[in-house]
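S.K.: Sequence:
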Amino acid sequence: MKIKSLFILLLFLFISNSFAQFSTKTEYDYLKLINFQQDRKLIKSSIINAQIVANNLVLEKKSKINALFFNELSKSYYIVNKNNESLYYQLLQRVLFEDDSISINSKNRFYDTAFRTNLTKKEIDLFYKLSSKNNLPKTKNNRILLGIKLGTKLHSKKLTSTIFNLGLLLKKQKVTMPLWYQSWEYLTTVGIKEKHKPKFIDYNSKQPLFKILNKKERLKLYSKSINYYLKKHAFKQSKKLMKAYKKENLNILRKGGLVLKKLTSWYHHII
0 MKIKSLFILL LFLFISNSFA QFSTKTEYDY LKLINFQQDR KLIKSSIINA QIVANNLVLE
60 KKSKINALFF NELSKSYYIV NKNNESLYYQ LLQRVLFEDD SISINSKNRF YDTAFRTNLT
120 KKEIDLFYKL SSKNNLPKTK NNRILLGIKL GTKLHSKKLT STIFNLGLLL KKQKVTMPLW
180 YQSWEYLTTV GIKEKHKPKF IDYNSKQPLF KILNKKERLK LYSKSINYYL KKHAFKQSKK
240 LMKAYKKENL NILRKGGLVL KKLTSWYHHI I
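First residue of the sequence shown? That's 0 in numbering that gives the first Met the number 0, and the numbers climb one at a time after it.
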């Protein structure tokens, strides 16, 4: 009886895996066709669904079809001049589903796309090196973390939702997220623009965000955070931040701003 049950389970897993591969291949063949046709309108309308497929593939094991799909999705973005997205999906393909033949054949497109995003030759070389086969982590979760890290270093608001979704996937796997990611997530939540995030994130720090910032950036982040939580009516969190903000040596202008924030909090409490 146990042998029969085991056989049924193995058969089910085989069928499920075969169906998943078939489904991915179907999506890949479709992307390949519309990319070949250079049908920009059809490509734009198909990208959203392709993103969903890609997100579902992230946790899967390395396979040729998955690598091909990510590479083809990158081509789709390239054709419609969405260069940040195109570059990022090339990076994700290299990190999550590395494939020597794809790397060789797509290197020119990698550099061309990166130049279009205004990266320097030195920066492009570094991204290419960091995503090269010999520099990849061994575990899947660490590879996803590397993919997220490279994405945050591109500093493009067009990638924010994709990076956020990758982070959610890892958090659902109960992965303890590194401090640099926690900082990036917090900055994103309170509305710090991507182009300003390099001032706030230290990828090597072992300390929480507010402890690593200089006074100028710390005060700016306190103010931005308090405004965000007041707007969301999260008064306990805004009160906690205002208390910490008050301990800073504030100038007259910032003291006046803090009074207004407290009045805003008080007003919302009484209505």
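The set of hints was computed from the structure by calculation and includes no laboratory data.
Be careful, since some hints might not be right.
Stated by the list, open to error - Calculated lysine to any residue pairs in the SDA-like style (CA-CA distance at most 25 Å, straight line):
| hint | residue 1 | residue 2 |
| --- | --- | --- |
| 1 | 198 | 187 |
| 2 | 157 | 133 |
| 3 | 192 | 181 |
| 4 | 31 | 107 |
| 5 | 170 | 206 |
The structure displayed is predicted, hence computed values, not measured ones.
S.K.: Check each numbered hint against the structure and report the violated ones by number, ascending.
M.R.: As far as the earlier hints go, only 2 is violated by this structure.
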